[in-house]
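Protein chains: 2
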Amino acid sequence: MENKQWIYANRPTGRVGTEHFELRHTTLDTSLARNEVLLKAHFISVDPYMRIQQHERRTYDEPHPLGIVQRAGVVSRVLSSASDHFKEGDWVLGYNGWQTFDKCHASELKKLDPDAAPVSTALGVLGMPGRTAWFGLMEAGKPRPGETLVVSGAAGAVGSLVAQFGKRAGCRVIGLAGGSEKCAYLKDRLGLDEAIDYKKFPDALSLHTYLKTLVGGVDVYFDNVGGMITDAVIPLINLRGRIVICGTISQYDGGLDHPEMAPRVLQHMLFQRATIQGILARDFAHRIDEQIAILAPWVRSKEIVFDETVVDGFENLPNALNMLFEGKNIGKLLVRI
Amino acid sequence: MENKQWIYANRPTGRVGTEHFELRHTTLDTSLARNEVLLKAHFISVDPYMRIQQHERRTYDEPHPLGIVQRAGVVSRVLSSASDHFKEGDWVLGYNGWQTFDKCHASELKKLDPDAAPVSTALGVLGMPGRTAWFGLMEAGKPRPGETLVVSGAAGAVGSLVAQFGKRAGCRVIGLAGGSEKCAYLKDRLGLDEAIDYKKFPDALSLHTYLKTLVGGVDVYFDNVGGMITDAVIPLINLRGRIVICGTISQYDGGLDHPEMAPRVLQHMLFQRATIQGILARDFAHRIDEQIAILAPWVRSKEIVFDETVVDGFENLPNALNMLFEGKNIGKLLVRI
Chain F
190 MENKQWIYAN
200 RPTGRVGTEH
210 FELRHTTLDT
220 SLARNEVLLK
230 AHFISVDPYM
240 RIQQHERRTY
250 DEPHPLGIVQ
260 RAGVVSRVLS
270 SASDHFKEGD
280 WVLGYNGWQT
290 FDKCHASELK
300 KLDPDAAPVS
310 TALGVLGMPG
320 RTAWFGLMEA
330 GKPRPGETLV
340 VSGAAGAVGS
350 LVAQFGKRAG
360 CRVIGLAGGS
370 EKCAYLKDRL
380 GLDEAIDYKK
390 FPDALSLHTY
400 LKTLVGGVDV
410 YFDNVGGMIT
420 DAVIPLINLR
430 GRIVICGTIS
440 QYDGGLDHPE
450 MAPRVLQHML
460 FQRATIQGIL
470 ARDFAHRIDE
480 QIAILAPWVR
490 SKEIVFDETV
500 VDGFENLPNA
510 LNMLFEGKNI
520 GKLLVRI
Chain S
190 MENKQWIYAN
200 RPTGRVGTEH
210 FELRHTTLDT
220 SLARNEVLLK
230 AHFISVDPYM
240 RIQQHERRTY
250 DEPHPLGIVQ
260 RAGVVSRVLS
270 SASDHFKEGD
280 WVLGYNGWQT
290 FDKCHASELK
300 KLDPDAAPVS
310 TALGVLGMPG
320 RTAWFGLMEA
330 GKPRPGETLV
340 VSGAAGAVGS
350 LVAQFGKRAG
360 CRVIGLAGGS
370 EKCAYLKDRL
380 GLDEAIDYKK
390 FPDALSLHTY
400 LKTLVGGVDV
410 YFDNVGGMIT
420 DAVIPLINLR
430 GRIVICGTIS
440 QYDGGLDHPE
450 MAPRVLQHML
460 FQRATIQGIL
470 ARDFAHRIDE
480 QIAILAPWVR
490 SKEIVFDETV
500 VDGFENLPNA
510 LNMLFEGKNI
520 GKLLVRI
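First to last, the sequence lines map onto chains F and S.
Using the working numbering, the first residue of the first sequence is number 190, and each one after it goes up by one.
Using the working numbering, the first residue of the second sequence is number 190, and each one after it goes up by one.
Simulated from the structure, these hints should not be mistaken for lab results.
Incorrect hints may appear among the rest.
[Stated by the list, open to error] One-sided and incomplete, this derived list gives chain S residues near chain F with beta-carbon spacing under 8 Å:
#, residue
1, G367
2, S395
3, L396
4, M417
5, Q440
6, R453
7, L455
8, M458
9, A463
10, M512
11, F514
12, E515
[As the list claims (entries may be wrong)] Residues of chain F clear of chain S, computed beta-carbon distances all greater than 10 Å:
#, residue
13, R453
14, H457
15, R462
We treat Cβ as the ideally placed atom computed from N, Cα and C, and that holds for glycine.
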């Protein structure tokens, strides 16, 4: 069987793009060993964390090796199975990477129920981004009714959920995003209290001044972006405020290897007895069942909005990854095969 | 009765010194209203936090007003009393400021037992610095046996206690201080595992490189200093490490108003799922009894070393405050009247 694979071929130093990947046509032996399953990919994920793993040095993992299929979460359908747990036609979630077909051990797969929720949500609200958003906000952010929550990257997969979870928790929620389309989305579709287009501000100080007038103090800052936005928000943190570092996407084009210079902010942690906590979805991997028990009913009842930006075509995977850093997605960015 | 007072007269923009205070001779009416107590100061405190309060803008408090007696903790003796709770000769702790005599309501005073510990320790290990060190380390730092604790400002009032509490908690303790005398103190008198003279390093990168070789990863970083030392330590934080921001004395000469530029560090919080928490002694003011119950026996048995640098003479108070920022003290800096 012909298989197509995107190989991670060259480490980017700045923005990642097609030039860092090689499209390879290979042949997949479809014979199955005991407990193996043959899969056809339907939805392949692109996520900001992929760019972190492409660094040469250790970040939160060892670097993604060169010369292998780009790792990624994938929603697939079972073509054939030598496992008692899966049968032809089953929908599954696996970490199969950027390839059209794969063969793997049944233990590496999670069965999906297409009647419970659209299968693509296993890469979104019912998957890694949803886990990050739910536990990151509730466990690290600890939102309380009447508090002010500021979310950066609020139109993205994680941010759009955090913002809505914050509203459910009774917070006043201010979302930051790039561009008027995203800001209209935050106000009109997600129902946030305020939406701020950070691209309108030339620097951290002007954004800070605007935020100070609009928002006053910040009880919870859920940060997906870092950089200038974070410089503007941290000095507004309230007494015993919580800052959750979920991502720093503004720094992923080289700023992790060669950190930008920025004004020191730790004095504000002292004055306000505030906390900063870094979180990753994996910190909550043992609580997937809890996540789904809480979130799936909200998805089915549409109490939570979860939008996807879907790019069609396996060939477009590197471009789709690039789109994340161009800020072109609203909600979860996916490639449909 | 003649009273001498140091009035906070001019806001410093850089280093604080005598020029920011005025020595005033006043007359104190010694007649007492019901429940008032007349006091003679014996030990007056100088603390780094005083410099923070001298800023024009709000920090963790409103700015210290100009034209009034410099606020400070004071250990005094009762000269006369119109309160049932105090009698002539009693030792007391109050927040009476930089003056030789004071008259205040009995409810503002805490009686000291000179047989339990030297009365000056009420400004040190059994007072605010001890509370900061004990609860800051144990509650925010959460040290565990076998972990690595790095303490900046390790020869100071808070740092010297944190370092010893860390040893008691079973940590490997590395202290940073300025100069070979302080480093010898850390090793020989406090028994730390390593002492590093940060002044030997021209920049954060060279200090970081040295620390990385010597220390490896850091589980708990108790920071009294900020600046270059913090830039060097944070990238070494271990998985789920705890960073306690207790002070940033390197920034008190103007860096709070005009923050220095420094490399961004929040990515490390994400990679290591680490936390930063700011603490102040006041966060634990309701636990003074607990503090004293734990620490006083250790002070009496000399299981905990607590040294003082004593400056004699009321006239020297502004100079003594200045000495803190020159790094001239080992242990708690006090002025004896």
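I'd like to know which numbered hints this structure contradicts. Please list them from smallest to largest. The structure breaks hints 1, 2, 3, 4, 10, 11, 12, 13, 14 and 15; every other hint is satisfied.
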